[in-house]
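Protein chains in written order, with the working numbering: chain A, 2 to 428; chain B, 2 to 428.
I should point out that these hints are in silico values taken from the structure, not numbers from a laboratory. Just so you know, not all the hints are guaranteed correct.
Chain copies aren't distinguished; within one or between two, either way the pair holds.
Stated by the list, open to error - In the SDA-like style, the derived pairs of lysine to any residue whose C-alpha atoms are separated by at most 20 angstroms in a straight line are:
| id | residue 1 | residue 2 |
| --- | --- | --- |
| 1 | LYS400 | LEU241 |
| 2 | LYS34 | LEU146 |
| 3 | LYS26 | LEU146 |
| 4 | LYS275 | THR166 |
| 5 | LYS173 | ASN229 |
| 6 | LYS319 | LEU146 |
| 7 | LYS6 | LEU146 |
| 8 | LYS220 | LYS259 |
| 9 | LYS47 | GLU339 |
| 10 | LYS378 | ASP81 |
| 11 | LYS54 | SER359 |
| 12 | LYS44 | TYR335 |
Protein chains: 2
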Amino acid sequence: MPPRKIKIAIAGVGTVGKGLLDLLKKYENKEIKIQISAIASRKKRKFLGKSFKNTVFFDDANELLNFSDYDILVELIGGDNGPPKRIVFDALNKGKHVVTANKALVSKFWHEILEVSVKNNCLLKYEASVAGGIPIIKVIDEFLLSNRIKKIYGILNGTCNYILTNMFSFDKDFRTVLNEAQKLGYAEADPTFDIDGLDTVHKLSILSSLAFNFNNDIKNIKLEGIQNINLLDLKFADSLGYKIKLLGITELKEKEIKNAVYPCLISKESFIAKVDGVYNGVVVESDFCKKSFFVGEGAGSHPTATSVLSDIISIAKKQSNEYPKELKYNKYIYSRLEDRWGSYYLRFTTEDKPGVISGIANEFKRFKISMKSMLQKERENSQSKNATIVITTHNCVEKNMMQALRRINRLSFINKKTIYLRIEDFK
Amino acid sequence: MPPRKIKIAIAGVGTVGKGLLDLLKKYENKEIKIQISAIASRKKRKFLGKSFKNTVFFDDANELLNFSDYDILVELIGGDNGPPKRIVFDALNKGKHVVTANKALVSKFWHEILEVSVKNNCLLKYEASVAGGIPIIKVIDEFLLSNRIKKIYGILNGTCNYILTNMFSFDKDFRTVLNEAQKLGYAEADPTFDIDGLDTVHKLSILSSLAFNFNNDIKNIKLEGIQNINLLDLKFADSLGYKIKLLGITELKEKEIKNAVYPCLISKESFIAKVDGVYNGVVVESDFCKKSFFVGEGAGSHPTATSVLSDIISIAKKQSNEYPKELKYNKYIYSRLEDRWGSYYLRFTTEDKPGVISGIANEFKRFKISMKSMLQKERENSQSKNATIVITTHNCVEKNMMQALRRINRLSFINKKTIYLRIEDFK
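One chain only, chain A, in its complex shape:
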């Protein structure tokens, strides 16, 4: 059988795009020949070698709107508007397949983008948009499709995991480790998108929409980033048997969806706690397979490009769904974070005098919160006026906890706003 030829147009040659070119250079397959018919790249680069003999180059991705000599558009620019959005919708409307790493676009336009792809009988693949080196989309879409998924949670942002891991391992504060991560290329010059949790929100939204077959609105994902995590909290968490990780959590209970992104304490013995450094890790809980756990380098040029190339080959081999899904979405309501039933880690900065604990305990009693453990840190030196008290609670309703904290923060002996973190009892 002669090899099947497939033509791809690549838009964007940044980190992932460069990785893809590296992989394509090495990729040999007797059944599939991948030809790069066009590359759109804003930056002027030298593309040499036989792979680019028949390649058209564009400075501006918009020029792909007037170009049709390809089977698959490989969109690696990123962002939910402008050229990437235009060329993806244009390609699908032209009857071309699309492979993309664009989490912002796919999460925001989930419904629209699937609809256009189904209408035009094209395949849309986005493995690279979530946890680059982990085939989590394939797992949900192909392996677990006979299972009912109950819950997915995971570490979906390598930058945040690197920062939290290294703060604790090397006894350094947030800013120091962030600077180091930037120097090493593990964090962007403007790291806000990662640090604030928005990157995790996009990825979680895709997992949630796919796993529960509904049209998730990213605005409904509550988010807290890691910008306020203190080395002190990592150390207290450790002494209590926990690690602090930034998790994305999506869970379906009856008709109610819980979607949230926040840093939280998880037992050191849990699967997910063992995912350190730049690794991502995802746990999927389902009715028949119970618990499955996947770990890989979440970002990085080559792991993400592996996802992109696997999607391209999938389409070329028609491994993908020949019969696109009927687009009939489930309807769910979103649970409110204030209704969360769970336990909390609290760090109080107080005056060092008698009556502090009883003052806090009285407010807890008022809101039906019971303490599970209490640690007190000695003052660092005799000049320091602040005492540090760490309390973990038994399960309570988040709304009550927030009300209690508002009152406690107004007490005369509280010297700084109290730090709170959720504790998740993942095993």
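Guided by the hints, dock chain B onto chain A, whose structure is given.
Frame of chain A; chain B shown alone:
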């Protein structure tokens, strides 16, 4: 689009077969309708409900040789000869697709079975044959196919992992935990196949053949089981920072394949050490994705049936390779275990008198083996004449270690044959 109908013939309704029937009862899909056209089951069962309205029943799987009203044979009997072998080859020769959980058959007849499937342009899928609840075949065959795989190692047998985990956790000896596992259904009445490591050999052979595209001969996999692992060794390993796990390891270095199955010590901090109980875990190291790690329930009715059903749906949707691989195998040589370069854990049972350590050390010196650590256990009571000495070594050649041990075992103060276990430095 009307749903695509696919007819399956199921051979064998044991643990996995029953699980598959459970899953099929719940499985609903607008695009694919799966109809069970035949079931072959030796045991008389009552099959009720609308799923079996059009089903033919056979007592003997051989009767499927004269039956052709199906698209996919689902072979869940197991074993590398007799009816399962006959019906699988017969189905492929009839131009039918095959889904099987039969690790013995697939590992032994890798080359033949692939050849017949390619010749007849049929699909052969065997996700369920290795680590039931982990889509490891899909990962290697579809996700990582642009990567060069360097090494795969993992815990591939849930029974052994359950036994080793529970011996240590509950301070019990091998026989006690094995009996408990049998009562709970985690171990077979005759557990030899699991305990001796042969089950792991079959699974490892499939991973090795697939990952390195060659025709592995299972006879070339060195194997040691867990039948001689002592609670004492689990405890010593723990105090040295290790766990003991039964691993299958396949590695390609230049043109040399290392394939082995043995219990070994691995750092408690490694990914794979964290896989306890009935879970399986597999680490794949590749050039572009570096390290990927997958965990799931390795055996059990429903996780394995999930793999079977995922294969069935894959074929129904033609997600699988439309263009079967060209069957051109690589040729490799097998490395010899006696050439292994690595470190060792040794437990000596000796007389409790001066000169013992120096006697052992002299033999080590003769064979260029250097000690890394030494622990001595106090005699349990004054009646006991035996002292226990545990030594770990730096890296050395296995052949030298075996020669040294042969000589040491003949020394007058050695009261029992010395226990040795390999230490693997997986991170």
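Tested hints:
| no. | hint | result |
| --- | --- | --- |
| 1 | LYS400 - LEU241 | neither (24 angstroms within a copy, 47 angstroms between copies) |
| 2 | LYS34 - LEU146 | between (30 angstroms within a copy, 14 angstroms between copies) |
| 3 | LYS26 - LEU146 | between (34 angstroms within a copy, 14 angstroms between copies) |
| 4 | LYS275 - THR166 | both (10 angstroms within a copy, 18 angstroms between copies) |
| 5 | LYS173 - ASN229 | within (14 angstroms within a copy, 46 angstroms between copies) |
| 6 | LYS319 - LEU146 | both (18 angstroms within a copy, 15 angstroms between copies) |
| 7 | LYS6 - LEU146 | between (30 angstroms within a copy, 17 angstroms between copies) |
| 8 | LYS220 - LYS259 | within (13 angstroms within a copy, 51 angstroms between copies) |
| 9 | LYS47 - GLU339 | neither (54 angstroms within a copy, 50 angstroms between copies) |
| 10 | LYS378 - ASP81 | neither (47 angstroms within a copy, 65 angstroms between copies) |
| 11 | LYS54 - SER359 | neither (77 angstroms within a copy, 70 angstroms between copies) |
| 12 | LYS44 - TYR335 | neither (43 angstroms within a copy, 48 angstroms between copies) |
Going down the numbered hints, you'll see the structure goes against 1, 9, 10, 11 and 12, while the others check out.
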